[in-house]
Amino acid sequence: MSTLKTLLVLGALGAAGAAATIGFGWYNVAADDPHWPVTYRVIDLARARSISVRAEDIEVPDLRDPELIRSGAGNYSAMCVTCHLSPGAEETELSVGLYPKPPRWDALGQADPRAAFWVLKHGIKASGMPAWGKSMDDKYLWGMVAFIKQFPTMTAAQYREQIAASPGHDHGGGETDVGAGDPHAGSHSSPSSSFEPEADPMAGDDPVTDAHASSEGHDH
Amino acid sequence: MNTFTHRLVMASMLALSAPIAWSHGTEQHKASMIEAGRTTAKASVSIPMAADDAVAALERFSNALAAGDLPAASQELSPTVLILESGGAERSRDEYLNGHAKHDAEFLKSAQITLNRRTASVSGDLVWVASESQIHAMKGEQMLMILSTETAVLQKVGKSWQIVHLHWSSRAQK
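If you read the sequences in order, they're chains A and B.
Counted from 1, the first sequence has number 185 at position 185 by our numbering; the numbering is strictly sequential.
Counted from 1, the second sequence has number 6 at position 6 by our numbering; the numbering is strictly sequential.
One or more of the hints may lead you astray.
[Claimed, not checked] Here are some, though not all, of the chain A residues that point toward chain B, as calculated from beta-carbon distances under 10 Å:
{"hint": "1", "residue": "R49"}
{"hint": "2", "residue": "E67"}
{"hint": "3", "residue": "G74"}
{"hint": "4", "residue": "A165"}
{"hint": "5", "residue": "S166"}
{"hint": "6", "residue": "P167"}
{"hint": "7", "residue": "D170"}
{"hint": "8", "residue": "S194"}
[Unchecked claim] In silico lysine-lysine, DSSO-like type, Cα no more than 27 Å apart, as pairs:
{"hint": "9", "chain 1": "B", "residue 1": "K109", "chain 2": "B", "residue 2": "K139"}
{"hint": "10", "chain 1": "B", "residue 1": "K102", "chain 2": "A", "residue 2": "K139"}
{"hint": "11", "chain 1": "A", "residue 1": "K125", "chain 2": "A", "residue 2": "K139"}
{"hint": "12", "chain 1": "B", "residue 1": "K139", "chain 2": "A", "residue 2": "K134"}
{"hint": "13", "chain 1": "A", "residue 1": "K121", "chain 2": "A", "residue 2": "K139"}
{"hint": "14", "chain 1": "B", "residue 1": "K42", "chain 2": "B", "residue 2": "K109"}
{"hint": "15", "chain 1": "B", "residue 1": "K102", "chain 2": "A", "residue 2": "K134"}
{"hint": "16", "chain 1": "A", "residue 1": "K125", "chain 2": "A", "residue 2": "K101"}
{"hint": "17", "chain 1": "B", "residue 1": "K139", "chain 2": "B", "residue 2": "K102"}
Keep in mind the hints are simulated off the structure, nothing from the lab.
All C-beta atoms, glycine included, are put in the ideal place defined by N, C-alpha and C.
Construct the entire structure; sequences and hints are all you get.
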């Protein structure tokens with residue numbers, strides 16, 4: 001009986017401690033205040049197991065299909081490169097500031113294709129990784145998997161060539177500017193049509209703003 | 001009414017009436033007001049006769065692009081055409097056709113394009129053509145009113161003219 005009482009008291013103290021931690025804002029959610037190493041390892045293990053269990057029955061298409069790779073190149077450059085970078089690329093403001101740190105392109109190249117597809121499709125909670133499956137059909141997601149599987153042997157020049165030869169940010173509709181812009185515009189973010197003025201992100205909802213205002217909007 | 005009160009009343013009346021006076025009016029923001037197509041008839045042009053064939057090639061390209069006929073548009077482009085727009089570059093015909101071309105055609109096919117002004121000049125086997133146009137188009141629920149400028153350079157290859165450079169720039173019409 002005394003053991004039960006002890007457990008109840010400890011449980012109550014634990015719950016009170018958790019409530020106090022949350023209520024008084026003691027837990028720091030800042031991305032520049034990393035988890036304790038043990039916390040990180042536990043979360044990382046949970047992430048890996050969660051993905052592995054859910055991805056194990058996924059059937060992988062032929063990832064050597066040139067059209068699949070070509071499709072994935074443009075979408076990778078538009079949707080992934082800002083965080084995951086590319087051969088020869090420097091860190092970006094976004095990749096530096098994210099926590100947990102997104103895996104680099106070379107790590108993606110080593111990923112299991114089923115796990116890569118699952119993560120692309122469903123995203124990962126509280127990590128900054130979006131669920132691209134909300135806007136992309138599976139075949140375009142597989143295109144990105146096929147493309148990242150080329151990374152282990154890819155040079156910076158080959159990366160640029162493949163992006164230039166790709167159809168750009170194109171996955172059958174619903175494409176929006178997701179930060180990296182159109183790969184055909186280099187590192188400059190632009191609308192998909194050559195004739196639309198660029199929107200100033202500081203100018204609210206109006207997509208038609210002075211192009212000069214846009215060019216000066218990113219200034220720090 | 002003292003002077004201060006008078007000024008306050010006048011300022012309030014001006015402030016209330018300004019949005020009405022300065023608005024474009026809803027008639028300019030209806031999709032039904034856009035007549036898709038390209039008009040050049042009312043343009044102010046200054047084109048020497050020697051540039052006529054080159055300008056005709058540019059017109060074929062513009063009309064084909066606006067009609068979504070990319071094979072026809074591509075026939076007017078040099079294989080090594082350099083296309084600059086909004087700080088970006090496409091360095092060959094194939095790169096453009098595999099890149100922005102379909103987005104451009106998609107955007108232009110439902111747009112009302114009016115050529116306002118065009119100037120051209122010839123120098124040997126090269127012609128440059130500078131054009132200013134107005135584009136009205138719908139993007140979702142919003143109407144875009146765009147002033148678009150284009151610089152085209154064409155080179156004579158055999159008996160025909162090919163576009164070797166295009167530079168497009170756009171800004172919102174105020």
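* Compare the distance between the alpha carbons of K139/B and K102/B with 27 Å, and conclude whether the hinted pair is satisfied. => Given that 27 Å is the threshold and the Cα spacing comes to 16 Å, the pair holds.
* Taking the closest Cβ pair, is D170/A under 10 Å from chain B? -> Since the shortest Cβ distance to chain B is 8 Å, the answer is holds.
* To do: Assess, step by step, whether the Cα of K121/A is no farther than 27 Å from the Cα of K139/A, and give holds or violated.
  => Holds, at about 11 Å.
* Measure nothing beyond the straight line between the CA atoms of K125/A and K139/A; if it is 27 Å or shorter, mark the hint as holding. => Distance ~23 Å between K125/A and K139/A Cα, so the pair holds.
* Asked: Under the criterion that the straight-line Cα-Cα distance not exceed 27 Å, is the pair K42/B, K109/B satisfied?
  -> Distance ~20 Å between K42/B and K109/B Cα, so the pair holds.
* Closer than 10 Å between Cβ atoms is the bar; does S194/A clear it against chain B? Give me holds or violated. => 4 Å, holds
* To do: Grab the minimum C-beta distance from A165/A to chain B and call the hint holds if it beats 10 Å, violated otherwise.
  => 7 Å, holds
* With a cut-off of 27 Å on the C-alpha distance, tell me whether K102/B and K139/A pass. => Holds: K102/B and K139/A sit about 20 Å apart, inside 27 Å.
* To do: Sort out whether K134/A lies within 27 Å of K139/B, counting only the CA atoms.
  => 22 Å, holds
* Distance restraint between K125/A and K101/A, which requires alpha-carbon spacing of 27 Å or less -> 14 Å, holds
* Holds or violated: is there a CB of chain B closer than 10 Å to the CB of S166/A? -> 7 Å, holds
* Holds or violated: R49/A as interface residue toward chain B, Cβ cutoff 10 Å? -> Check failed: Cβ of R49/A comes no nearer than 41 Å to chain B, outside 10 Å.
Comparing the model with each earlier hint shows violations of hints 1 and 2; every other hint is respected.
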